[in-house]
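Assemble the complex: chain A is given as a structure, and chain B must be docked to it using the hints.
2 protein chains.
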Amino acid sequence: MRVLVTGANGFLGRGLVARLSTWAPANARVVLTDRSVDGLAAPGTQVLPGDLADAEFRADLLEPGFDLVFHLASMPGGLAERQQEAGLRVNLLAPIALADEVAARQPGARFVFASSIAVYGTLSDSVVTAETATHPDITYGAHKRMTEMLLADMTRRGALSAISLRFPGIVARPPSESGHGSAFMSQIFHAIAAGTPYACPVPAESSCWWMSRQAAVETLLTAAALEQPNATIIQPPVLHASLKEVAAATADVTGRPAQISWGNDEGLRKIFGSMPPLDAGQALSLGFAADHDLKALASAALST
Amino acid sequence: MRVLVTGANGFLGRGLVARLSTWAPANARVVLTDRSVDGLAAPGTQVLPGDLADAEFRADLLEPGFDLVFHLASMPGGLAERQQEAGLRVNLLAPIALADEVAARQPGARFVFASSIAVYGTLSDSVVTAETATHPDITYGAHKRMTEMLLADMTRRGALSAISLRFPGIVARPPSESGHGSAFMSQIFHAIAAGTPYACPVPAESSCWWMSRQAAVETLLTAAALEQPNATIIQPPVLHASLKEVAAATADVTGRPAQISWGNDEGLRKIFGSMPPLDAGQALSLGFAADHDLKALASAALST
Numbered sequence: 000m001r002v003l004v005t006g007a008n009g010f011l012g013r014g015l016v017a018r019l020s021t022w023a024p025a026n027a028r029v030v031l032t033d034r035s036v037d038g039l040a041a042p043g044t045q046v047l048p049g050d051l052a053d054a055e056f057r058a059d060l061l062e063p064g065f066d067l068v069f070h071l072a073s074m075p076g077g078l079a080e081r082q083q084e085a086g087l088r089v090n091l092l093a094p095i096a097l098a099d100e101v102a103a104r105q106p107g108a109r110f111v112f113a114s115s116i117a118v119y120g121t122l123s124d125s126v127v128t129a130e131t132a133t134h135p136d137i138t139y140g141a142h143k144r145m146t147e148m149l150l151a152d153m154t155r156r157g158a159l160s161a162i163s164l165r166f167p168g169i170v171a172r173p174p175s176e177s178g179h180g181s182a183f184m185s186q187i188f189h190a191i192a193a194g195t196p197y198a199c200p201v202p203a204e205s206s207c208w209w210m211s212r213q214a215a216v217e218t219l220l221t222a223a224a225l226e227q228p229n230a231t232i233i234q235p236p237v238l239h240a241s242l243k244e245v246a247a248a249t250a251d252v253t254g255r256p257a258q259i260s261w262g263n264d265e266g267l268r269k270i271f272g273s274m275p276p277l278d279a280g281q282a283l284s285l286g287f288a289a290d291h292d293l294k295a296l297a298s299a300a301l302s303t
Numbered sequence: 000m001r002v003l004v005t006g007a008n009g010f011l012g013r014g015l016v017a018r019l020s021t022w023a024p025a026n027a028r029v030v031l032t033d034r035s036v037d038g039l040a041a042p043g044t045q046v047l048p049g050d051l052a053d054a055e056f057r058a059d060l061l062e063p064g065f066d067l068v069f070h071l072a073s074m075p076g077g078l079a080e081r082q083q084e085a086g087l088r089v090n091l092l093a094p095i096a097l098a099d100e101v102a103a104r105q106p107g108a109r110f111v112f113a114s115s116i117a118v119y120g121t122l123s124d125s126v127v128t129a130e131t132a133t134h135p136d137i138t139y140g141a142h143k144r145m146t147e148m149l150l151a152d153m154t155r156r157g158a159l160s161a162i163s164l165r166f167p168g169i170v171a172r173p174p175s176e177s178g179h180g181s182a183f184m185s186q187i188f189h190a191i192a193a194g195t196p197y198a199c200p201v202p203a204e205s206s207c208w209w210m211s212r213q214a215a216v217e218t219l220l221t222a223a224a225l226e227q228p229n230a231t232i233i234q235p236p237v238l239h240a241s242l243k244e245v246a247a248a249t250a251d252v253t254g255r256p257a258q259i260s261w262g263n264d265e266g267l268r269k270i271f272g273s274m275p276p277l278d279a280g281q282a283l284s285l286g287f288a289a290d291h292d293l294k295a296l297a298s299a300a301l302s303t
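So the sequence lines, in the order shown, correspond to chains A and B.
Residue numbers for the first sequence follow numbering that gives the first Met the number 0, beginning at 0 and rising by one.
Residue numbers for the second sequence follow numbering that gives the first Met the number 0, beginning at 0 and rising by one.
Pulled out of the complex, with its shape left as it was, chain A reads as follows (with noise of 0.2 Å):
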């Protein structure tokens, strides 16, 4: 078995590969690549830097063929809106190419590619099921639909074999991770942690989408083995809590007062804080899983 980790550096990405080590078969020839690999330790895997944007790196990183294809590299989607020829490139053309390129090498891969929430746009208070509508309103999520879209084809003609996972913003990322709007979810954790104040920038009524790092990398683990499902683009499950009830969730697990001012920043709140319900009925039928409750979430979040 062949194993290909794109982004392997993030903060997705560090939390699949030191699970990839017991999860995927002792003879398996896993392979890294980020821009950068500074600080990426994992031993028995090969650790390839360079541009997936970039034609003579990709050939050179997917000339051996790969059975598997983790796709995690990303843009984070306030960097791409400011930056649109590097999110272009980085979120666009550069999965385009990764799957036409993996595809020609191991025709019917399984091709796991993290999506994100973002595609949705802003949604009404309806139920979100896996029927709910697109209409992403940001570059990053018109990107990430597309590519999507692109993996469901070449699915449906037998090309690759792809799931897309459609992730919420992952807690807790490190505080010095920037670019993702959704930043105020991590730090809330952090701060309470810390036992420090915090000022966050949406109302405490703002409800949200959870779900912790080592619950995506199961996900993406489920989504690896998945016999082939009826529907190639998936909503995991998550927990739909307020910002309010997480940080009572958090501060008592660390057993520390939760010290934070709300904020009204509507902007970030309607693209972040304003999320509905989830029926993911067709996840859950699939084997995927939410972090059990929000205690387990904190502790998760704050394990990372």
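Calculated directly from the structure, the hints in this document are not laboratory data.
Mixed in with the good hints, there may be bad ones.
As the list makes no split between identical chains, a pair holds if one copy fits it or if it spans any two.
Computed cross-link-like contacts, SDA-like style, restricted to lysine to any residue with a CA-CA straight-line distance of at most 20 Å [unchecked claim]:
hint : residue 1 : residue 2
1    : 269       : 63
2    : 269       : 156
3    : 269       : 155
4    : 243       : 53
Just chain B now, kept in the frame of chain A:
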């Protein structure tokens, strides 16, 4: 005013070029391109043959900047399904690059894109509206849908002012044109006009969406002249009629009896001959119009 027409030597392109000489302002600079421009006669225009998927050619072509682009170049659906690599270049990578580079030289340029009803995939019996969901089931349709999404996002952020038009099969294409699964929709006109028998591959009751080249050209020009509407994706009005009705109108107009034997190709009928009614209210309110009636359609189809 600087105007670019891609696919200018195709069936729709030639019709547009002929009409542009009266539509465009006298001082307009009109540039036409296609892979081959053999036989493309257009006094007062500049003709630049080349491959839109070639970056160097695009740089030369786009250097002056354009206020208005008609992007008609496309590989037909049947052909693109058989020649996936060429289809990817022509139907996805070239439009992405073209849109990006037109926008870089002339932000906010009007970009009229010939999309296709192939974006819908298999439709139910329900009336089609501007809200109808898309589920493309051939690669051509997926690439058209992806391009629509790209252009909608570029319009949202002011990079372009794009209008994507979802065209049905345009009639009557020359008998020599191949690659279109919907070829029977054109051949029926030619056979009746020529007084020759025709073995139509689908049943007489197959219901199609009909548009003459004249109506398609006026649709393109209406889109070019629109004030920026709320929607960047438009389903133009069409005539909704069975093959039998169209054959009768054509016999009426030509004074020749229809000598047609009807087949039962379920695959073709599913894609092209099972079209539900259309509510084109959105497009009608913006000034778009279908052919007046089936006799007008037949006359227009046979005058091309």
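Hints, verified against the model:
no., hint, in the structure
1, 269 to 63, "neither (44 Å within a copy, 41 Å between copies)"
2, 269 to 156, "between (37 Å within a copy, 18 Å between copies)"
3, 269 to 155, "between (35 Å within a copy, 17 Å between copies)"
4, 243 to 53, "neither (44 Å within a copy, 54 Å between copies)"
In summary, the numbered hints that this structure violates are 1 and 4.
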